[in-house]
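Novice: Listed below are the residues making up each chain.
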Amino acid sequence: MEFFLQQFINAMALGGTYALIAIGLAMIFSVMNLINFAHGELMTIGGYVLFFLLVMGMPFGAALLLSLVAAALAAVAMELVAFRPFRNADIVTMLLTSFAVSSILHVLFQNFIGVRPKAIAVPPAISGALTFGTFNVGVVPLISILASVVSVVALVLFLRTTHVGVAMRAAAQDFRTTQLMGINANAVILAAFAISGLLAGVAGALWIFQRGAVDPVMGVMPLLKAFIAVVVGGLGSLPGAAVGGLLLGTLEVFLRAYLPEGLLPFRDAISLSLVIGIFTFYPHGLFGDADAVR
Amino acid sequence: MNDLSGATKVDTAASGKPLLAIRNLNVHYGPVHAVRRVSIEVPEQSIVALLGANGAGKTSVLTACMGFLPSTAEGLTFAGRSIAGLRTEEIVRSGMTLTPEGRRVFPGLTVAENLAMGGGATAALRARAKVNRERVFDLFPRLRERLNQKAGSLSGGEQQMLAIGRSLMSEPKLLLLDEPSLGLAPNIVDQIFDLIVLLNKTGTTILLVEQNAEVSLDISHTAFVLRGGEVAASGSSAELRGRGNLDGLYFGI
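Residue numbers (the numbering used here), protein chains in the order written: chain B, 10 to 303; chain X, -19 to 233.
This is chain X alone, in the form it adopts within the complex (with noise of 0.2 Å):
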């Protein structure tokens, strides 16, 4: 990676209309409401981090705009458009992709094979998938060198940069990574990091859900705090951060 070091974000973002718009979504698992009336709004060209603690719901909130869990909400928009009932590969066609906790890359596929699949929703897509792939590789050199390689046999780093590879293969507009910096190396999560910056100065939206709060901060533009399912507070990640006491954002004490 060139010089990226200190995650920077970039300031003339976080002014555009809201590219995923979600208003009082409610998830309910059996009797258990997991997620309670989350309205959250990300600007267009922004990296906005939703924080909490485990089991605070960020991940259904995720699952749930991709149309992978069953869900109701007042709003449920997507570059304008409402998405709500939608299926997951329409979705994706649409320009939001998530790249899924705990990387998902298909084990016995090797890494060209892994982000053929990511590239892989519609004719036009894979089309360009030689294109995208290029792309890919500028951002992770190292995939390049591992194209034929089973994804299994990678390192926890390399699957994690594979796994955010083969979103990037559908060309999103909006990237939803979920939990990206989850049981890898603290020097690999930096990288991460900064990727995730740069793929942000490069155009692309995302929604960060994360437990490393600190960086998320400081990557992000604004954040939201989710807590047993509800929005415990929201703001510019400056002024959360400015807060200090996160901990008590998190738990309520």
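The shape of chain B in the complex, shown without the other chains (with noise of 0.2 Å):
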């Protein structure tokens, strides 16, 4: 009982930080139908923003939030640079262009920081863990989980209430209907920029907790996970983007944990293909609809 309970905090952990970076993409997708395979890289300007300002001497916090403002800003750069350009251009075009964003910037970590992973240096306090009893939790995971469901709140908060945020539910229902009110397009997009690169960054810092170092590629690996989570919940979705991440990360955590040793190497085949078993029932995602692609 007590090693389930524990799993099950690691994979809410797991599976909110996905659902973080989920959402994101799911996001930019539902305003302007690009997959932005360069997502996972704005976690890891995050990190590095966070290991320069730790470098220079900045107490945690102050760095911690100001890599998460950087991550919004390097998103809004992204839009600004890469895809307004492509603004109404095939879905294929603004893919590529994505995926071309993320190349580069690949090479810009390697070429002038290093390819080698820099540690980061997470205070005690974050590292350690808490004890009840003989009940040992981390408090990394506690604090995804916290900042999570802070985040989804937050945003959740965002898109009800005000003006920004009802427009950006508007242009993803129907976004020439939202220019024909005179809506200022660019400003929704560029929001919606902003509130995903936000998110990346703290799924990028969550991230970073968990591994105490900053590597070139870190971004790449969950941004994979995130996507099949966006695709698992139906493309442009928020809920769908959420869920799926958490059922992602549950997987992935209960497998890990529970799979007889011999079948471990065989994890993420056995939990892709438990998504495809979905797909047969849900063939356009769980709460994805049919015409949700234009």
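Read the hints as simulated data drawn from the structure, not as lab findings.
By construction, the Cβ of each residue, glycine as well, lies at the ideal position given by its N, Cα and C atoms.
Do not rely on the hints blindly, as some may be mistaken.
Claimed, not checked - With beta-carbon atoms standing in for the labels, derived distance ranges:
#1 289/B <-> 163/X: 58 to 68 Å
#2 166/B <-> 133/X: 16 to 26 Å
#3 88/X <-> 285/B: 27 to 37 Å
#4 215/X <-> 185/B: 26 to 36 Å
What the hints assert, rightly or not - Looking from chain B toward chain X, a few residues come up when the C-beta cut is under 10 Å (computed):
#5 42
#6 127
#7 128
#8 172
#9 178
#10 181
#11 182
#12 189
#13 190
#14 192
#15 270
#16 280
#17 282
#18 283
Two chains, two separate frames, one set of hints: put the complex together.
Specialist: Right, dumping it as structure tokens:
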């Protein structure tokens, strides 16, 4: 039971992190039909900013906060430099653009910062564990769950109560009609990028708390997982992305915990097979609708 | 709706200077020349009907005016100012709004949120949104009852009311209405046309695209008939109505 509870906390922590990345991806897809494969690099950028600020001697909290801002700004810069010129282009053109951005950033990280991981000293208060009687639980998973919940609640409030938030939901349903209302489409898209960058920054920080280092391709694996989560949830659906992320994280953690030793190497294969199983029953994803892709 | 049975137009209108003046507008879809040298004037305070068969280019004219479709024109002026090449949001801010064909309400947003989007173009509009919303509710009391309901759950007629109400939230001087009667029950259609007359009486100029020629000619001051992307006939609505053979005008037979 204790083991199960521990694994459950781990599952929610990993799933929550995937969900944050997946929500950012889904958000951009829903407003502009772009699957941003450079989204994972936003995590990495946040990580490097955190690293350099700490090296410069900034207190951890301040450096962390600025690294989130940096991830959001980097997302905005991506939109302005790379995606805006292709605004109404074919979905494949935009997809390839995002691959290009991702590759360029990898090379820049490798050449100007270094291929080797940069260690980030996470304060002991975060890297430690809490003990309740005989029950040990890491602080990082608890922070991950808390951060994911707070981020999602803040996002939902933003989308429901602010003008820009409602405009983003409108744009996700019908972009052309939103423009027809006289609403500044560029502003809505910029806001979507800023928020997705912020979420990626939070996810990146959680990822780094777990691993204690940042390297040039840190964002690749989580992005891939988040992309699967987005597709499982139904392309473009934010609740779908959140559920997809939690589902994928749960699968991964529990397979690692309960699979017999001999099957462990096939963990990803098994979890992806289960995902494919979902598609046989929900071909458009759990929350997707047939004509979500215009 | 109070006593507005029997749509009658305002006779004092249709005398003003053109609020919207389109001179030799052309729209191309690839190799297809969909709108050819179309010139239309919409006098201030009037209702102008733009009629024609399916595919005659009516919607293209409206969307081109809104800067929503690449087009060329010798002149495209609204309220005395050239709007050629302006972005849609700038055109909406200057006081021209389109209620699109097929209503296009945001189905997943509530009625209140849909209205907020209609009045969301500028901070000044947003500040007056409350007042404007009350005006919309005076016209469409049903919307007040449905305020927190998702727009997608409304009936077709209610959605059309919402679509028009949403447009009114931007305080348009000129309202472009694209097929407001499409797919609605006859009694709802009557309501919508009564409402168009009422809107006009309260100072909104209207350019109305319709399939329903009879009623459109009843309530409009002037009318233009498009055929194959060109203006096939134009004149006062009464005169066009007097000619009788509208099918002939539509199809050139």
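Novice: Next step is simple, just say for each hint if it's right about the structure.
Specialist: Verification of the supplied hints:
For the pair residue 289/B and residue 163/X, the supplied restraint of 58 to 68 Å is violated, since their beta-carbon distance comes to about 37 Å. Separated by about 24 Å at the C-beta atoms, residue 166/B and residue 133/X satisfy the suggested range of 16 to 26 Å. For the hinted restraint 27 to 37 Å between residue 88/X and residue 285/B, the CB-CB distance of approximately 29 Å keeps it satisfied. About 34 Å separates the C-beta atoms of residue 215/X and residue 185/B, a value consistent with the hinted range of 26 to 36 Å.
For residue 42/B, the interface hint is violated, since its Cβ never comes within 10 Å of a Cβ in chain X; the closest pair sits about 17 Å apart. The restraint placing residue 127/B at the interface with chain X is violated, with a minimum CB-CB distance near 43 Å, outside the 10 Å limit. Nearest Cβ of chain X to the Cβ of residue 128/B: about 46 Å, over the 10 Å cut. The hint is violated. The beta carbon of residue 172/B is positioned within 10 Å of a beta carbon in chain X (closest approach about 6 Å), and the interface hint is therefore held.
Taken as an interface hint, residue 178/B checks out: its beta carbon lies about 6 Å from the nearest beta carbon of chain X, inside 10 Å. This hint holds: residue 181/B has a C-beta 8 Å from the nearest C-beta of chain X, less than the 10 Å allowed. The interface hint given for residue 182/B holds, since its Cβ lies 5 Å from the closest Cβ of chain X, which is under the 10 Å cut-off. The beta carbon of residue 189/B comes within 6 Å of a beta carbon in chain X, closer than 10 Å, and the hint placing it at the interface holds.
The restraint placing residue 190/B at the interface with chain X holds, with a minimum CB-CB distance near 5 Å, inside the 10 Å limit. The closest approach between the C-beta of residue 192/B and any C-beta of chain X is roughly 5 Å, which is under the 10 Å cut-off, so the hint is satisfied. At a threshold of 10 Å, the smallest CB-CB gap from residue 270/B to chain X is about 48 Å, leaving the interface hint violated. A hinted interface residue such as residue 280/B counts as satisfied when its beta carbon comes closer than 10 Å to some beta carbon of chain X; here the least separation is about 31 Å, so the hint is violated.
Residue-level restraint check for residue 282/B is violated (minimum Cβ-Cβ distance to chain X is 33 Å; threshold 10 Å). A least Cβ separation of about 30 Å between residue 283/B and chain X goes past the 10 Å threshold, and the interface hint is therefore violated.
The structure does not agree with the numbered hints 1, 5, 6, 7, 15, 16, 17 and 18 stated previously, though it agrees with the rest.
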